[in-house]
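**Student:** What follows is each chain in one-letter form.
There are 6 protein chains.
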Amino acid sequence: MNEKILAQDNKVLKRIFNLDTNAFAEGHIDSKTKEMIGLASSMVLRCDDCVKYHLGKCHEAGLTKEQVFEVFSIATLIGGSIVIPHLRRAVDYFEELDNQKLNNV
Amino acid sequence: MNEKILAQDNKVLKRIFNLDTNAFAEGHIDSKTKEMIGLASSMVLRCDDCVKYHLGKCHEAGLTKEQVFEVFSIATLIGGSIVIPHLRRAVDYFEELDNQKLNNV
Amino acid sequence: MNEKILAQDNKVLKRIFNLDTNAFAEGHIDSKTKEMIGLASSMVLRCDDCVKYHLGKCHEAGLTKEQVFEVFSIATLIGGSIVIPHLRRAVDYFEELDNQKLNNV
Amino acid sequence: MNEKILAQDNKVLKRIFNLDTNAFAEGHIDSKTKEMIGLASSMVLRCDDCVKYHLGKCHEAGLTKEQVFEVFSIATLIGGSIVIPHLRRAVDYFEELDNQKLNNV
Amino acid sequence: MNEKILAQDNKVLKRIFNLDTNAFAEGHIDSKTKEMIGLASSMVLRCDDCVKYHLGKCHEAGLTKEQVFEVFSIATLIGGSIVIPHLRRAVDYFEELDNQKLNNV
Amino acid sequence: MNEKILAQDNKVLKRIFNLDTNAFAEGHIDSKTKEMIGLASSMVLRCDDCVKYHLGKCHEAGLTKEQVFEVFSIATLIGGSIVIPHLRRAVDYFEELDNQKLNNV
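Residue numbers (the numbering used here), protein chains in the order written: chain A, 6 to 110; chain B, 6 to 110; chain C, 6 to 110; chain D, 6 to 110; chain E, 6 to 110; chain F, 6 to 110.
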């Protein structure tokens with residue numbers, strides 16, 4: 006789908022897509038921490054697709070379930086109980102990621 | 006001001022205030038990382054008072070200017086240019102925190 | 006699904022879940038009124054799952070269709086026409102709750 | 006200020022202003038309950054001016070401090086700790102309203 | 006579905022529905038521009054149904070793909086990368102509208 | 006203040022600032038229309054500083070009071086009555102811009 010968007014050759018959109026790679030790259034803050042920041046920001050803004058994306062990255066980076074739940078708890082506290090339906094889907098998806106990993110071993 | 010709120014003895018509010026301390030305490034994630042998460046979440050939700058609070062905590066925890074700016078950049082990318090006025094005030098406040106520290110040496 | 010979240014034994018999340026029960030319990034304000042408040046807050050924040058939850062509680066508490074529509078109208082006025090897609094799904098769900106009740110008689 | 010807006014004779018804005026009066030009028034739900042709904046909705050959407058407006062109406066309608074705090078607690082739970090700075094200003098303003106009333110007796 | 010809502014005869018909701026027609030009608034600003042405004046506002050508020058609605062109207066009004074992408078780029082810049090999942094669905098839907106038109110020729 | 010932010014040499018932030026110029030430049034859509042889009046988006050997201058910025062640009066571009074009020078009415082309808090305090094400040098600021106212009110003649 007990104008290909009379709011990039012194919013349109015809209016400079017502003019193309020650059021925003023590039024920035025996404027830049028912003029989460031290893032820098033003065035390590036990329037694992039940045040993904041936790043991305044995850045929490047996505048949860049408080051209540052975007053399921055964005056939560057999934059950053060949760061995948063957190064899982065890849067080796068974040069433990071206990072750590073992920075601490076990110077979840079901060080986001081739910083800051084964002085309020087309105088975040089809970091997204092939390093439920095996030096917990097579900099993290100379990101799925103764990104299962105996929107087990108099946109690949 | 007918190008005293009006034011707690012004095013009212015509303016159990017739900019009291020517990021939310023307590024949770025705030027719990028959620029950001031050292032745990033499976035260190036508290037410095039948690040404050041960065043709190044800072045980014047506050048920025049994307051565009052709450053100046055909350056940004057100031059977590060920026061103060063980040064400063065205390067020894068986060069460098071380069072690191073703080075990386076948190077700022079993630080939050081501004083995720084939250085969009087609507088975050089920029091809050092970013093300006095945050096940059097201003099971080100400078101103020103630096104100056105206070107210098108004056109105290 | 007809540008069981009999975011609670012099983013993880015994250016203190017902050019567990020307490021937020023408990024608070025939910027506390028906040029909507031009969032108190033200085035009756036629980037029927039509290040559910041109307043929960044319904045309107047969920048609508049202006051545009052969370053379908055939360056709207057469904059509180060709409061179910063309002064229905065159980067005996068709120069009439071006319072009353073529910075007055076809550077809907079306040080939420081749509083405050084939250085704007087961006088709320089309308091959620092309003093549509095809410096009206097649909099309330100009708101479903103009415104039908105379920107009729108079938109159970 | 007409303008006069009200036011209404012003077013412009015923009016039909017849509019004029020009608021939105023009129024709707025505000027209609028939506029909160031005594032109906033199938035009493036206006037006191039409606040003001041509590043307006044207060045909570047304003048808090049979760051984090052609009053200080055709107056909170057003040059509905060808090061004034063709640064105070065006029067004779068809502069007690071205990072009742073107002075229950076509305077506050079639901080709004081803070083649903084909307085999250087990001088609501089707390091607005092809660093502080095709301096508590097302050099409710100106290101002010103109480104003092105004004107005492108001085109007028 | 007609108008019929009069900011209007012059938013309920015809630016004056017506030019009925020008027021909000023009417024205002025929708027009024028606000029986007031040809032006026033001091035032409036209706037094509039108004040639909041672009043409606044599209045961008047729907048995107049920054051991240052409402053897929055509203056985006057689809059205004060995108061359909063923009064397509065009807067003859068907005069080109071290049072123009073629609075410029076509206077998308079402004080909305081994504083202002084609203085941030087959190088808008089991207091909605092952008093993807095919007096691009097998909099605009100393509101669908103184009104295909105429907107071709108098939109009808 | 007932008008200078009301070011740009012001086013920090015954070016690539017992501019610098020590019021977001023550049024994008025702002027790009028996105029609103031004359032293109033397949035004229036810049037006057039783009040500023041109306043920016044104004045409405047800022048209003049529904051309820052950012053006073055952003056509203057002021059785009060209102061200034063709209064004024065410069067020669068938008069009439071009637072046109073500006075039509076943008077306001079769309080934004081207030083979509084975003085809801087929660088937008089009204091920002092509308093008031095916007096009307097005030099537009100008047101100020103008009104007065105400045107008269108004084109400069």
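Some hints here could point you the wrong way.
Identical copies carry no separate label here, and so any pair may be met within one copy or between two of them.
30 Å max Cα-Cα, derived DSS-like pairs, lysine-lysine [to be verified]:
hint	residue 1	residue 2
1	106	70
2	9	70
3	106	16
4	16	70
5	57	16
Rather than coming from a laboratory, the hints here were simulated on the basis of the structure.
**Student:** If the cutoff is 30 Å on CA atoms, where do residue 16 and residue 70 land: within, between, both or neither? Let me know, please.
**Tutor:** Only across copies: residue 16 and residue 70 sit 14 Å apart there, 39 Å inside one copy, limit 30 Å.
**Student:** Between the shortest in-copy and the shortest cross-copy C-alpha distance, which are at most 30 Å for residue 106 and residue 70: within, between, both, or neither?
**Tutor:** within (14 Å within a copy, 38 Å between copies)
**Student:** One pair to classify: residue 106 and residue 16, alpha carbons no more than 30 Å apart. Within, between, both, or neither?
**Tutor:** Answer is between; shortest inter-copy Cα gap is 27 Å, intra-copy 38 Å.
**Student:** Is it within a copy, between copies, both, or neither that the alpha carbon of residue 9 lies no farther than 30 Å from that of residue 70?
**Tutor:** Result: close only across copies, 12 Å inter versus 35 Å intra.
**Student:** I want to check one pair: residue 57 and residue 16. Are their C-alpha atoms no more than 30 Å apart within a copy, between two copies, both, or neither?
**Tutor:** both (27 Å within a copy, 23 Å between copies)
In the structure shown, no violation is registered for any of the earlier numbered hints.
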